[in-house]
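Undergrad: Take a look at the letters that make up each chain.
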Amino acid sequence: MEAEIILMEEVHKVYRTGSTEVNALDGINLKVCEGEFLAIMGPSGSGKSTLMNIIGCLDVPTSGKYFLKGKEIEKMGDEELAYIRNREIGFVFQNFNLLSRTDALSNVELPLIYAKIPKKERRERAFEALKKVGIEGRAKHMPSELSGGEQQRVAIARALVTNPSIILADEPTGNLDTKSSEDIMAIFDKLNSEGNTIILVTHEPDIAKHAKRLVRLRDGKIIEDKLQ
Amino acid sequence: MIFFENFKIALKAIFSNKMRSILTTIGIIIGVGAVVGVVAIVQGLSHMISQELQGVGATYIIVFPEHDPNNPEFSGKDIRITMEDAREIEKYASAVEYLTPIIWRAGYIHSQGRKWSGFYIGVNENYPYIVNHYVEKGRFITKEDIEGRKKVAVIGRTLVKELKLSPDPIGKEVVVQGNPLTVVGVMEKKGQMFGNDQDSVLILPYTTAQVIFGEISSRQMRLDIKAKSPEVAELAKEQIREVLRKTHKIPEGKPEDFRIMLQEEILSTVSKILGSITLVVAAVVGISLLVGGVGIMNIMLVSVTERTKEIGLRKAVGARKKDILIQFLIEAVTLSLVGGVIGIGFGFLLGMGGAKLIPNFPSAHVPLWAIGLALSFAGAVGVFFGIYPAYKASSLHPIEALRYE
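Protein chains in written order, with our numbering: chain Z, 3 to 230; chain Y, 8 to 412.
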């Protein structure tokens, strides 16, 4: 049996807008083990982004329990959450979110700065990460000098560089053409085959096909959870 | 280490918005520039004055009439220090070594169709020993010159040069308000003070000065006195006071119509005046720094809004609240310090320019403490006005920040 990375028990998330309450997540039970490649699908408003944010420790549940590698997340404060985000989670966003005035290598270095890694080691590890996604030749380029696909690869390198427990990708191909999307998904496949745990949020079935397990959400509930 | 990284991030942010950064820091530049410029001029002045007064020594005393228009006791009275006063002081004040009347006027000195603006001092033969300023060529004014109201003069080096009296000015004729005077000596070089070239001086017997300049000059006469030693300077002052109260017939308990100042007191009076000038400027500068600070706060708030996404991303990859706080605080402080540094340069030029504009002003003097003070003030403004925007940045929720468009 592989080690459990994520364990969610009866997770609820309630948003209040004025006097109305919205149950963004309505009793989620989810277990993800090391090495899994999971796709979360669902129509907009189904709660997939909220789930993503909670998995990524950007937000905490209103009720229920969430264990990340055995640690109880919902009781943590800002400082501890920041630490978890830094060490355990690697984010990949739809719109890449690279720092525009900073070259590719420095962008990849960013999480290591907050991990207080010395400069020399930072450079080396950032360069290694760029190599892994096959874009080390563009290390000194600014984001504006890179294509969308290349920018997303830099973002994946940034997510990888701290050797996180999970890579969380939120619509990573949403802003890319078909060819670039295929390239990016090939990278995810490769990373998964090397043992990385990947959770992907998407609404494109073609993209979701790359994952080994599919979770469907609707109205804050899991309506389907199958291996594919 | 994070600190150093943050500093680099701040510099990058500042330099990528050069125009905006410069406009933002203008308030700080002007504030700091004003401090440094004014301090430069004021310090230059006070440096010079204290050097001058140290030159004459701690035995130097001056006596002058007290023209206080607010005091009804004195209004309408003819208040002056007379030669009678001087003689009484010489007779009864035992701690006094030398005494000279001083009749001081500014004006033109003519010679052979040339003219030069300078000043005249009517004195007696003791003058050199009192102010430590001696003749380097020829002779000084003598008792005979004074008794005979001789038309003689001792002149400074600038006059020798400007009136083309070289190589040997002794025996040449100079004209003061239509009165020809014979040059009998040249004073040694003295330099500049209060914006005056001290070597544009023409020294003449005070009796001759009274004749040339008339009644008004006697009314403005003061006495310069040298005490026998620094230890008895205070005693000399008391003796002079006693003598003058008697000669001026001032009853017990009534205020005096004259003032006696020791070198020390002159120094402290001067520094008091300069101190209050500095204070007024400090207040103006305070306002300017306040305005500058608000400018910085404003631009930092804009910067936080502009970079909301960046803040969200930094938080997503592991930045803590305090990392973001420090990043933006350092940016604000760096911005105001850059303004401070430019301001110091600007103030330096201002001081130099100011000194140049005042004719013959020697040199501006910027003490290190003024630079330190200006910089720490700029830094403090950065912290004070940067803390709110930085706090605002650090409290952004990562999800909302990432979603911000």
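Since the hints were derived computationally from the structure, they do not count as laboratory data. Because the structure is a prediction, the values reported are computed rather than measured. One or more of the hints may lead you astray.
What the hints assert, rightly or not - Here are the simulated EDC-like pairs of lysine to aspartate or glutamate, each with C-alpha atoms no more than 16 Å apart in a straight line:
hint : chain 1 : residue 1 : chain 2 : residue 2
1    : Y       : Lys84     : Y       : Glu263
2    : Y       : Lys329    : Z       : Glu81
3    : Z       : Lys121    : Y       : Glu104
4    : Z       : Lys142    : Z       : Glu130
5    : Y       : Lys15     : Z       : Glu126
6    : Y       : Lys19     : Z       : Asp105
7    : Z       : Lys181    : Z       : Asp221
8    : Y       : Lys328    : Z       : Asp105
9    : Y       : Lys329    : Z       : Asp80
10   : Y       : Lys150    : Y       : Glu132
11   : Z       : Lys122    : Y       : Glu12
12   : Y       : Lys253    : Y       : Glu91
13   : Y       : Lys328    : Z       : Glu81
14   : Z       : Lys33     : Z       : Glu12
15   : Y       : Lys196    : Y       : Glu263
16   : Z       : Lys133    : Z       : Glu196
17   : Y       : Lys256    : Y       : Glu73
18   : Z       : Lys223    : Z       : Glu82
19   : Y       : Lys329    : Z       : Glu82
20   : Y       : Lys316    : Y       : Glu238
21   : Z       : Lys118    : Y       : Glu132
22   : Z       : Lys118    : Y       : Glu143
23   : Y       : Lys328    : Z       : Glu196
Undergrad: For the pair supplied as a hint, Lys181/Z and Asp221/Z, is the alpha-carbon distance within the 16 Å limit?
TA: violated, 33 Å
Undergrad: Does Lys15/Y pair with Glu126/Z here, judged by a C-alpha cut-off of 16 Å?
TA: violated, 20 Å
Undergrad: Does Lys121/Z pair with Glu104/Y here, judged by a C-alpha cut-off of 16 Å?
TA: violated, 76 Å
Undergrad: Verify the proposed pairing of Lys122/Z with Glu12/Y, using a straight-line Cα cut of 16 Å.
TA: holds, 13 Å
Undergrad: Does the structure keep Lys328/Y and Glu196/Z at a Cα separation of 16 Å or less?
TA: Violated, at roughly 34 Å.
Undergrad: Is Lys329/Y close enough to Glu82/Z, meaning Cα to Cα at most 16 Å?
TA: Judged against 16 Å, a Cα distance of about 13 Å means the pair holds.
Undergrad: Hey, Lys150/Y versus Glu132/Y, does the alpha-carbon distance stay inside 16 Å?
TA: Satisfied, since the Cα-Cα distance of roughly 6 Å is no more than 16 Å.
Undergrad: Run the distance test for Lys328/Y versus Asp105/Z: straight-line Cα separation, threshold 16 Å.
TA: violated, 25 Å
Undergrad: For Lys142/Z and Glu130/Z, compute the direct alpha-carbon distance and say whether it is at most 16 Å.
TA: holds, 14 Å
Undergrad: Assess, step by step, whether the Cα of Lys316/Y is no farther than 16 Å from the Cα of Glu238/Y, and give holds or violated.
TA: violated, 75 Å
Undergrad: Does the alpha-carbon distance linking Lys223/Z and Glu82/Z stay inside the 16 Å limit?
TA: Status violated; Cα separation ~28 Å.
Undergrad: For the pair supplied as a hint, Lys118/Z and Glu132/Y, confirm whether the alpha-carbon distance does not exceed 16 Å.
TA: Status violated; Cα separation ~81 Å.
Hints 3, 5, 7, 8, 15, 18, 20, 21, 22, 23 from the earlier list are contradicted by this structure; the remaining hints agree with it.
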